[in-house]
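J.: Each protein sequence line maps, in turn, to chains A and B. Residues in the first sequence are numbered from 1 upward in steps of one, following my numbering. Residues in the second sequence are numbered from 1 upward in steps of one, following my numbering.
Please keep in mind that the hints were generated in silico from the structure rather than gathered at the bench. Hints are not guaranteed to be accurate.
Identical chains share a label here; the pair holds if one copy fits it or two copies do between them.
Keeping only pairs whose Cα atoms sit at most 27 Å apart, straight-line, the calculated DSS-like set for lysine-lysine is [to be verified]: (1) K133 - K176; (2) K67 - K4; (3) K97 - K176; (4) K98 - K129; (5) K80 - K178; (6) K67 - K129; (7) K98 - K176; (8) K10 - K133.
No experiment lies behind these values; they were computed from the predicted model shown.
Protein chains: 2
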Amino acid sequence: MPKKSFPLSKVYRLLEPGPVVLVTTARKGRANIMAMSWHTMLEFEPPLVGCVISNRNYSFDILNASKECVINIPTVALAKKVVDCGNSSGRKVDKFKKFSLTPMAASYVQAPLIDECYANLECKVADTKMVNKYNFFVLEVVKAWIDPMQKHPQTIHHQGRGVFAVDGETIRLPSKMK
Amino acid sequence: MPKKSFPLSKVYRLLEPGPVVLVTTARKGRANIMAMSWHTMLEFEPPLVGCVISNRNYSFDILNASKECVINIPTVALAKKVVDCGNSSGRKVDKFKKFSLTPMAASYVQAPLIDECYANLECKVADTKMVNKYNFFVLEVVKAWIDPMQKHPQTIHHQGRGVFAVDGETIRLPSKMK
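Pulled out of the complex, with its shape left as it was, chain A reads as follows (with noise of 0.2 Å):
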């Protein structure tokens, strides 16, 4: 899907409210996905995000390897293959092809864009003073890209074990806050 360029001031919009995402990592032109939902905003702009992969996934070694990643954000309809994400290992499959996942070339990363969800944010790694402690990387957004035509797109939630609470009603109240 044709996507369009993001602001970066606007990036914690769209992490800020918790959604699952799917991370992409890549070396020696082989690509991997994981699932991941402990993640936060650590700052507006530019937009740093920190999250943790744990050294038992095959991404974090990419991850430390490449020090780049794209974190992706599916919507509901992409629910069955965030869950088939987190139940393999990219040590065994190749999650793009197995699950019918479409990767797109990224402009300032190797890892792909997963054409499938609607945002993308092409990240480096910033700082990994955490990562021996917490396996908490801290990564810097560098290009963020939006599906224009998805107005309201539904995210969903981690409860655990499979169960996901999935973006209801939006509400809209005054507000002073950023």
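Assemble the complex: chain A is given as a structure, and chain B must be docked to it using the hints.
T.: The following block gives chain B in isolation, referenced to the frame of chain A:
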């Protein structure tokens, strides 16, 4: 409302979906509340939570001094009060009084639970190494409470500027994920 104890091993199920939370702190008998969306699980058990509390917030100084807080999880019924808490400072107002929220004594920390929230996590600061650079506190959840009457609490997810996605449908997919 009467709360029951909630197992620490399952706390990730409450925070992993990324709800807006209300953080309570206390110093010298005076309690404060702040709204927060920038948090992530860091470890399952004992449950560790990482969160950004800006040094521009009144709560920053209290947390830094007291090393204790409570993470209170509101449902959509409290959305207006969440925004009210986010749009005011404890330097100027007593938010419990002004917004008619009920403080309840916690078991292990000085900060109060907010009675109206469906879950409450008593926390101690476990690591301050990332506070200087990122305003990022590592908290250990030492006690968790939940309202057993709320079987399907609808949490809210901030998308910026007072817009929130409310939990809608819940889906359950076969999964090996925790």
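J.: Compare the structure with each hint and give your call.
T.: We went through each hint and held it up to the structure:
1. Proximity of K133 to K176 under the C-alpha cut-off of 27 Å is restricted to the inter-copy arrangement: shortest distance 26 Å between copies versus 37 Å within a copy.
2. In this assembly of identical chains, the alpha carbons of K67 and K4 lie at most 27 Å apart only when taken from the same copy (25 Å versus 44 Å across copies).
3. In this assembly of identical chains, K97 and K176 lie within 27 Å of each other by CA distance solely across copies; the values are 21 Å between and 46 Å within a copy.
4. Taking CA atoms no more than 27 Å apart as the test, K98 paired with K129 passes in neither setting, with 35 Å inside one copy and 41 Å between copies.
5. Taking the shortest Cα distances, K80 and K178 sit within 27 Å of each other only across copies (16 Å), while inside one copy they are farther apart (33 Å).
6. Both within a single protomer and between protomers do K67 and K129 lie at most 27 Å apart by alpha-carbon distance, with minima of 13 Å and 22 Å respectively.
7. With identical chains, the CA atoms of K98 and K176 are at most 27 Å apart between copies only, with a shortest distance of 18 Å across copies and 46 Å within one.
8. Taking CA atoms no more than 27 Å apart as the test, K10 paired with K133 passes between copies only; the shortest distance there is 22 Å, against 30 Å inside one copy.
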